[in-house]
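Put together the whole structure using the sequences plus the hints.
Each protein sequence line maps, in turn, to chains A and B. Everything in the first sequence is counted per this note's numbering, starting at 445 for the first residue and increasing by one. Everything in the second sequence is counted per this note's numbering, starting at 52 for the first residue and increasing by one.
What the hints contain is simulated information worked out from the structure, not anything from laboratory work. One or more hints might be untrue.
[Stated by the list, open to error] Below, a list of computed lysine to aspartate or glutamate pairs in the EDC-like style, where the Cα atoms sit at most 20 Å apart: (1) K295/B with E624/A; (2) K352/B with D664/A; (3) K264/B with D507/A; (4) K270/B with D507/A; (5) K512/B with E494/A; (6) K295/B with E538/A; (7) K319/B with E624/A; (8) K366/B with E494/A; (9) K271/B with D477/A; (10) K264/B with E494/A; (11) K387/B with D460/B; (12) K512/B with E542/A; (13) K319/B with D555/B; (14) K541/A with E100/B; (15) K222/B with D555/B; (16) K541/A with D297/B; (17) K295/B with D507/A.
[Unchecked claim] Derived CB-CB ranges, DEER-like: (18) S538/B with V512/A: 44 to 54 Å; (19) P438/B with P509/A: 54 to 64 Å; (20) K541/A with N281/B: 52 to 62 Å; (21) S627/A with D139/B: 47 to 57 Å; (22) D605/B with L473/A: 46 to 56 Å; (23) P509/A with D167/B: 46 to 56 Å.
[Claimed, not checked] Now the stretches of chain B that chain A is said to cover, found in silico as 3 or more residues with beta-carbon under 8 Å: (24) 140 to 146; (25) 197 to 204; (26) 272 to 284; (27) 297 to 308; (28) 318 to 330; (29) 502 to 513.
We put the CB at the ideal spot given by N, CA and C, even for glycine.
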Amino acid sequence: MRNYFVKRLLLLIPTLLGISIVSFLIIHLLPGDPARVKVEAPERNQLVTEQTLRETRVIYGLDQPLYVQYFRWLKRMVTFDFGESLRDHRPIIEKLKERIPVTFKLSSISLLLAYLISIPLGVYSATRQHATGERIITVVLFAMYSLPNFWVATMAIVYLGGGDFWDVFPVFGLASAGAEHWSWWKRTQDEVWHLILPVACMTYYTLAVLSRYMRAAMLDIIRQDFIRTARAKGLSERVVVYRHALGNSLIPIVTLMGDVLPALIGGSVVIETLFAIPGMGSLSYEAVFTRDYPLLMAIFTLSALLTLLGILVSDFLYTLVDPRIGYENRVAT
Amino acid sequence: MELMRRLFAFFLVLFTLVSGCSHPAEHGEGVAFDSGQPVPGDWAVVRLEAEPDTLNPVNYVSSVAQYVMWGAKNSQVYELLMGYNTKDWDVTEPLLAEAPPTVSADHLTYTITIRDGVKWHDGHPFTVDDVLFTFKATACPLTDAAAHRSSLTDLADIQAEGRTIRFLMSKPNVYNLRNVVTNLMPIAPKHIFDEEGLLDGFSYKDIIGPKGKTDPKIKKFAEHFNAHPNNRAPVGTGPYKFEKWDSGREIVLVRNENYWGKKPYLDKIVYRIIPDYTAALTALKAGEIDVQPRLMPIQYKEQTSGSAFDQQLAKMTYSIPSRFQIFWNNERPFFKDKRVRQAMTMLVNREKIIESIRLGLGQVVESTFDPHGKEYNPNIKPIPYDPKRAAELLDEAGWKDHDGDGIRDKDGVKFKFDFLGSTGSSIFKQLSPVLADEFRKAGIEMTERIIEFSVMTQTLKEHRFDASVVGFTSDLVQDPYQIWHSSSAAGGSNFGNFKNPESDRLIEQARLEFDDEKRNQLYWRWQELMRDEQPVTFLYYVTEAAAYSRRFRDVEWLPLRPGYDLMSWWVPKSAQKH
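Take a look at the structure:
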């Protein structure tokens, strides 16, 4: 088993290389280039000569053939140097250091909440199928599933942000002005207060989806023979549900866990823009629109790495959830 | 805290009701706290709609960077040599220059004497070397300043001596004084950006020559300059000093107590970065920000009224030199004929478009010039909305529905074209169905083509479109050459490929006419020609709306982006919040 995961870890290297080449090509084949974006802002009606464009391309190293650019990038990456952003010439690592903690905080809280609520909720709806409570939950979950988050967030800002209605929550940023001088306790309170709306807006959709998955998986398991056997043995309903059914129904949820790692640093453009939170979502969005090649590459590589690791982790989790799953045989073949 | 504020607001209203009778509205619609002399103190918390790319005065691209660095009037953290005088918006107010530049008889040399005794925020004295350095850094082909380098095309050399600096031009051009010397170049500190004096050994001529691209010293300077730590911590000469930039959150400026000129009143300017308009307006209403310089039309019309709003906040409108126009690709078979272009304009109901899209926040103009400026020809009446006359013109031009399919055609070509827009352009989304409907009634089929924002300009410049709506924001005074001269069809902003020898001649003549009266006459004639030619359909000149806290006094709104100039704003002692 350990051999298998070591092998899988080693396999990450060629996979990542492949992904990086494809990403590099896609990024560079996009129409437009960073030099043009920089000097040709449409409302700046200035004469930009081909010469100034060429000069800017030289500064960005875009005058070199594509393979040279790629190998330069690879050489830097080997030493974990992401290079400089083309937009402001700051080291990319510095930008990521600013943004990742923000997004990580939001996403981890949101995901944790989503899992913590959706699993019991799914179990409840599966075991109380057709009960009134379950029906209400279903309606609510479907409503949550279909409401777009930009709308929910805007409504939250308008009605709860102290405009013309209730002044309950702050509407922008993750801390009040001057909070850095406050005591630790007050600062934490302030932060929690700021987090409530964005986290709620990020969580409700995931929550709805996950609890439906959980419910479906649970329903599937509960109808199987071994559950009937367990019941026939005279085990209490609690033991049946939580010891025998729950573990077995977690497999689809574990599969979804593979997406958790990249999601932790992915960020949401919509939520970040609406709540003025400087996270990874808006950084990536901006990077695409300004064709900030090195920054895009850094984001792609990181997400690819985390996705691969996420898949690996969920493969490992399968063995914990379901002891029948093992990897020894496959390694042998 | 909240309760206190509410109570305070309540007493304010009471106070107004009582005092309102005896002091008939000193500040117009404003609430009278106490009249009298401006006092220092308090902050202004201003919404910034995006994060600046950098606060390097030479390399910046985003307009928000400019708002923070020198505001609307060329002076905030950094300063320019000259600033606007607010009477006629000419650039005649000396800032870092002691007096307006003297111009040689051949209009090839501009001489400026710099102000004595000015100090950078770190105490270092300001000298002509800083001015020289700024121009060298901008012209250097290795600095990431391409967006600004193009305005220096005609600058041949700079000579500095004592406190005097001379700009030598390679050819005369009436706009060079404004674009090169006075109004576009903020002065950067040499001792900060070139602490090792790497550029000292090179003259301006060297830098624009072949050495500029290859010399290792210049290369080293440029790399250092592009990534300089002070690009995020500017050191200027202006009335406000940089305090901090909290990425994605806020930028804070504090008053410079050692400022050489008239000191402003506000202790601090805090720029909060809030991209979303709804969140920004909510934050304004909740008192978390004080100034929202750009409201959406719907917010101005419907979400900024009522007694709760009026107690705390005031709103108003101001116009800025920004206009939208529909470019017709003059090379396309249908738009080649000026009668067709006239007809297209007649099919665009501009009054109604301003009413429905801008909710009245706009003005129909038939010119590229600012309607408040002297170049603007007020005798030109916009072409009225007239579908009947348009149909006649189209018939005259030979565009008739020969095959009876409801779409006009000529020589086997159908009058069908694409309307190009970019993702996220709200005006395009609103305009396109209105136009398509109007054109369909006239027998013209218009379809939408949407491309990504980043490749929009390139597509326009390469004329790979039939028609498109484009907005331009400029200085109050502008040279029409860049958009309307035939040579600007290659690489410039003459997106529509408009080529007219008479127009070219007038534009060229105007550039060399140094007498304002005579030049304006040329422009008046040129505008008549443009009205007849209709190379584009002018849609509207933008009126912006703003809302701000009533505790500020002497609030001025300017006809330039960003629209506010906080230098004159102040808050009575009793109303100060910070």
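Tested hints:
{"no.": "1", "hint": "K295/B with E624/A", "in the structure": "holds, 13 Å"}
{"no.": "2", "hint": "K352/B with D664/A", "in the structure": "violated, 55 Å"}
{"no.": "3", "hint": "K264/B with D507/A", "in the structure": "holds, 14 Å"}
{"no.": "4", "hint": "K270/B with D507/A", "in the structure": "holds, 16 Å"}
{"no.": "5", "hint": "K512/B with E494/A", "in the structure": "holds, 12 Å"}
{"no.": "6", "hint": "K295/B with E538/A", "in the structure": "holds, 17 Å"}
{"no.": "7", "hint": "K319/B with E624/A", "in the structure": "holds, 18 Å"}
{"no.": "8", "hint": "K366/B with E494/A", "in the structure": "violated, 45 Å"}
{"no.": "9", "hint": "K271/B with D477/A", "in the structure": "violated, 25 Å"}
{"no.": "10", "hint": "K264/B with E494/A", "in the structure": "holds, 16 Å"}
{"no.": "11", "hint": "K387/B with D460/B", "in the structure": "holds, 14 Å"}
{"no.": "12", "hint": "K512/B with E542/A", "in the structure": "violated, 37 Å"}
{"no.": "13", "hint": "K319/B with D555/B", "in the structure": "violated, 49 Å"}
{"no.": "14", "hint": "K541/A with E100/B", "in the structure": "violated, 23 Å"}
{"no.": "15", "hint": "K222/B with D555/B", "in the structure": "holds, 18 Å"}
{"no.": "16", "hint": "K541/A with D297/B", "in the structure": "holds, 13 Å"}
{"no.": "17", "hint": "K295/B with D507/A", "in the structure": "violated, 36 Å"}
{"no.": "18", "hint": "S538/B with V512/A: 44 to 54 Å", "in the structure": "violated, 36 Å"}
{"no.": "19", "hint": "P438/B with P509/A: 54 to 64 Å", "in the structure": "holds, 56 Å"}
{"no.": "20", "hint": "K541/A with N281/B: 52 to 62 Å", "in the structure": "violated, 20 Å"}
{"no.": "21", "hint": "S627/A with D139/B: 47 to 57 Å", "in the structure": "holds, 55 Å"}
{"no.": "22", "hint": "D605/B with L473/A: 46 to 56 Å", "in the structure": "holds, 55 Å"}
{"no.": "23", "hint": "P509/A with D167/B: 46 to 56 Å", "in the structure": "holds, 54 Å"}
{"no.": "24", "hint": "140 to 146", "in the structure": "violated (count 0)"}
{"no.": "25", "hint": "197 to 204", "in the structure": "holds (count 6)"}
{"no.": "26", "hint": "272 to 284", "in the structure": "holds (count 5)"}
{"no.": "27", "hint": "297 to 308", "in the structure": "holds (count 4)"}
{"no.": "28", "hint": "318 to 330", "in the structure": "holds (count 8)"}
{"no.": "29", "hint": "502 to 513", "in the structure": "holds (count 9)"}
Against the hints set out earlier in the document, violations occur for numbers 2, 8, 9, 12, 13, 14, 17, 18, 20, 24.
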